[in-house]
Amino acid sequence: MLKFVVRRLLLLIPVVIGVSIVSFSIMHMIPGDPARIIAGEGATVEDIMSIRLKYGLDRPLIEQYFRFMKGVITNDLRSIRTERPILTELLPRFANTAQLALVSIIISSVIGMTLGIVSAVKRNSWIDTFSMVFSLVGVSMPIFWLGILLIILFAVTLRWLPSGGKGGVEHLILPALTLGLATSAIIARMTRASVLEVLNQDYVRTVAAFGLPKRKIIYKYVLRNALIPVVTVIGLQFGYLLSGAVLTESVFGWPGLGRFVVDSIFSRDYIAVQVGIMMIATTFVLVNLLVDLVYALIDPRLRRG
Amino acid sequence: MRRFVVLLVALLSVAIFAAKYGGTVRFLIGVDVTTLLPGNIPDSISTIVGMHIFEGLVDYDENLKIIPALAERWEILDNGTAYVFHLRKNVKFHDGADFNAQAVKKNFDYLFSANLRNVGVYKGIIKEVQVVDDYTVKIVLFQPNSAFLYRLAQSSGWFVSPQAIEKFGHDPALMSKNPVGTGPFIFKEWKAGESVELVKNPNYWRQGLPYLDRIIFRVVAEDVSRVNQVRAGDADLMYNPPPALLAVLEQDKALQIKVVPTVRTIFIGLNTSRPPLNDVRVRQALNYAVDKERLCKVLMRGLAKPSDSPLSSMTFGYFSTGGYPYDPNKAKQLLKEAGYENLKLELITPKGRYLNDYETAVAIQGMLKEVGVTVDVKPMEWGSYVSKLLSRKPEDWDYQMFLLGWAPGTAEGHQVLFPLFHSSNRMDSPNATMPYNNYFYSNPKVDELIQKIGLEIDEKKLLEYFKEAQKIVVQDAPWIFLYEMNIAAVMRKELQGVKIHPTERVNLAEAWIDR
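So the protein sequences, as listed, match chains A and B. Note that our numbering has the first sequence beginning at 1, numbered continuously upward. Note that our numbering has the second sequence beginning at 1, numbered continuously upward.
Here chain B stands alone, though its shape is the one from the complex (with noise of 0.2 Å):
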């Protein structure tokens, strides 16, 4: 009997939590997509879209680590010179199409014919790419990365139908509108402005999977709007909530509110080039009379957390440095130290581009005034903000302080470090190939590291460089760390299985609806 009632509780607490079929969930984004081709996507919000549709060799887990997709396992050869991939089988594209090692060369081989906009995630990286046998597959480097499998999980890496190629591939428009891929959803129909909608995949290789009938990505530019949406009921998911409006949320019992780090850090960039901040101790005093735990908590209400590198802490190879905690008798001593007081500064920021940023420079420029730094804070429209910060003309080279974030595309340490901090990538630099170090930070122990960093396939080696690193550019300064973002997410309570990643993706494969 006893037995009977234990089977009983059990089959019931499996029926009333076991996921349940169909539906339809209604995702609001904030502007259009850009494109679905894989190859040419810029944006986070094509990428949401494009995740449900495509999948690579690889893919990030919700902690980042990666995962086998299309490629059930591999084999790292040669000194991390060639990857051999083994490949699942039985899968298909939506079109019918088989998924097979051919395709996956003629991918690669379009990527780079047709020079898509992404193609500088493999050009200079790749050498070669074999087809061994119909499931196995031979990629050659031109020289070890200890990021590979990172750029594999990129958008760039997702396949597209061979038979789409052939018949779209010679336009890229044609391409983006005419997604095919291998995923758990088939693209179904893009309204220009309004709209994107999926279906299921009937015949996913992921056993029982999606639960969802349908997907429709519907555009709301204005936030409050996405908000008013997701409470009316209109809509069953949306992110990036103005913080202010977080209070009332959490009070609507009809919804869930879900909050993940990124990888993306927000910081103020120093230009080390000019006087005064071409002193360590100005750029520390500055990190130490910055209150960034206050930031946080009132400015941000908890959608951000303090960070002490230039890494997001959810991002691989984060080390914590421990940073420059508030103390604004140190910062006050170093600037007496450095013979500046009374210093004036100008600090310019975009405003609307991330979550309260204006609001955070201003917040700055008080805490900076009680150390006797005066700062005129400028904001900028976003398309002539990039165009000055990332100018390789020296007459725009004027800036002394900046407001940026960063987020890594390939989640990994190396795409923030080598950017941003080797000094072939400074603006006067006349070889860089990823020019975004506008502070004009230079130290050749630091280059060293990044160079290791960037070859390094041993594990434990990598994270030594990869802490040494990051303890000498904290040390350096060239920034005012200030902190890594987290996303939230608005769902309806019904919303179940929603996976949110750090790299700001928003995964519905395992979601469903709970009637």
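Just chain A, same shape as in the assembly (with noise of 0.2 Å):
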């Protein structure tokens, strides 16, 4: 286990030096100079030049990755836009988001199973009914949107909530549920399509044959081989929510990394926007890692391999 845990560890080097080259690419091929936007409007050609010297945006392409992956390692870069040390830009927004991203994967999670195993059992009942319209309601229904209805009853019109902003828990309950509810329709349907299955295997059928109570069946015998699938969505879910809640943080004026990166790659902040999606990039990985150790929980057969 620990030799299989070290080894993906180890294969993160090799994953985070390609994103860092395709980032750094892309950032490239896209036209746009960060001293010319940086500078902004009316600076003179010798203030565009000062800053395009400082960050060394003259040196050929390849001098430039190096150095930016020298002062990754060394920890020595810093924002072209803000000119503050990247991590104290990046470190602080990613802890807002990841824990915008975890309160909301916790809900739809609750929310998605919940229906969908319910709606499984009770197959073309009206609850089957309502989650599978809640389902694709929430699949189809643009975040943004939902997240300004929401903001115009809860906080406009009712005044229950606030409108937007970091505080107590309150300001987490908006923002969490405009983002959980896609991924709450997507896990719902997971949910439910892999408990079918399982329901319609034939030792399901002989548990009960054997005439044990339907409850049991489902918690002890269902559920747990349904599980793996919806693991694995939940677990791709929470990296797209960590890396996709760029909308939400904007209709709520959460302050987190999806908009900093955004807003950087629209001033051609190269340095934030690398190190943004380097750190994306890791996260995910190590999501993915926990989502395989979680499998091994759940099924005794994947610890031995």
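In short, the hints are calculated from the structure, not lab data. In this text, a Cβ means the ideal position worked out from N, Cα and C, and glycines have one as well. Accuracy of the hints is not assured; some may be wrong.
[Claimed, not checked] Output of the computed footprint for chain A on chain B, the stretches with three or more beta carbons under 8 Å from beta carbons of chain A:
hint : segment
1    : 40-54
2    : 172-181
3    : 219-226
4    : 305-318
Combine both chains into one complex, guided by the hints.
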């Protein structure tokens, strides 16, 4: 087990290097000069040149890349836009995004799995119809629009919850719900399909024939087997929430990483974008590792492998 | 008895209408502050936050007149090549350091030696800063500069405590996070991407100010969300609401909306270096064919005003030329004269950079269609757009028409005319210092006038040169003159005394909450 974890952690190195090369190339392929954009309206030629020189933007690309990687290793990088050390900029924002993503994945797992299980067990009942309509709406509704609707209802009209910003737990509810709705819909559909499949297996019919109570069959024999694909989906969705929370962050004024990276793309702050992407990629890999470990927990057969 | 009643009424009304002390204003901003080091500030949001912490020798008032700030008065000597400033006494920085002539010199020395991002505002203009005595400073210029006081009023002219420069000056990031000025509010905390908090300066030199205890600037990226937060009472103030929401907001009794004209003009630049736009008749025809009134009324919903000069009517030096009234027949006739009926042109535009920028481009496409000009509108992402339009490489100069905005940082006209219309700043001019003339416009008469405008300190003559230059530029039509932007702020009813400047600054120094 330990060997497995170490091997997977070592694999992170080539992944991160690969991600750094790809993000570096893409950022340098799109037209636009950070010095030009950051210097602002009315900047003189001299102003722009001094920014270029300072960040080595006049050097050949290969050299810029190695300078960048050296900076990553020695932790000596600064955002071109704000001139502040890059980790000072990114880490608090990353923590905020992770917090939002975590709460939202918990909410959506609870909602999604409950709906999925219930609708599979009570197939073709009104609950099944309701939860499938719910998940259709959830998947199709744009996050942006849903967020604004929730704000208008719960913050502007009812005044139950704050309309945005960061603060106590109450500030988390609306953004986490908004972000979690689509995810919970996906989880619900996946759970339903998976539970239905297991319900039709021979061994379930056999234990049913033995006369075990239905509740026990579901919890003990069905769920455990049905969970594996669901855990995969939850893991993938969590990665998606980490990187895809930009819209939710914008609508609720949540100070997260996504919005910062997008703003950095617009101002061609290469350093912030590249480090931000490397951070997200690393988390993605780690979450996947976690998912694999959870597999082993659920399915004893995988522990030996 | 009657006298008593009058006195009572007077006292009561003072009590009711007098500004009240205390309270917090929550001010929503669209993006995080970039930096709070004055010499590095590139954007209007950092300026808005910074202006509450810092002050310079002089300042702009709401009408963009230069007023004394940390300098009580000044004299202009030696035909405009030297300025003597008499400094206000008993002013202290937030860390207790004295504001005096040494502090002024130290700030300019720091700006030049650290080569801060906005050093260009003074480089080549200021020759020397001399300490005459503790409260007198003499600034010597290389040559007269008509905009010098306006330059001092910009954010790069704000003063940082000399102690802070000693301590943090070696690192702009530390300077940016430890802003120490003389202003009405003291910096307390900056949570990256989230908020900046300022608290009242109890020792502020302007007696009785500020009224507020605290200002919290909070970042909310989405304009609709900013509006919703103010409506929900979770914030007190935001600016630039989406124009489409204005009607709804006006009906909300808890809110007030303040609209103020700005120095920003929006225009369509015409590349005069190649046919058909090298023909002045075609350029004038395009101007006649655009109905600016309708753009402002229907599309911008009152958040813009038709413009008739390269300068906004708020900018110092503005002269109303009359511009081009909407006249499609004249447009058709001019096009016919020039031999261009059934003209095809391309218009590139940013999308979301300025209020309704892309929508304006599409509306103009429709208007030009009516005079027989087919326009292809191409939106571009801002970063790519800027790098194309401000490129010094000939292969990038293939554009025909482009939509752009310009707001002079100094709030006076030289900062418009020199970078945008002087032939030395054409993209193809090798020794350009501010290359923004991407229409490849050149007119020797205009060059000469701009030169004079830069040096003239006699206001009467200066305004005369400004007038001449604007008339010629409008006549030559390197732009389609569109509109001047207004800035709209949405705030809670109880918030009073907010000052909004035409430079897109929002000032809370005299603001108070009426509870």
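Hint check results:
no., hint, result
1, 40-54, "holds (count 3)"
2, 172-181, "holds (count 4)"
3, 219-226, "holds (count 7)"
4, 305-318, "violated (count 0)"
Consistency with the previously given hints fails for number 4 only.
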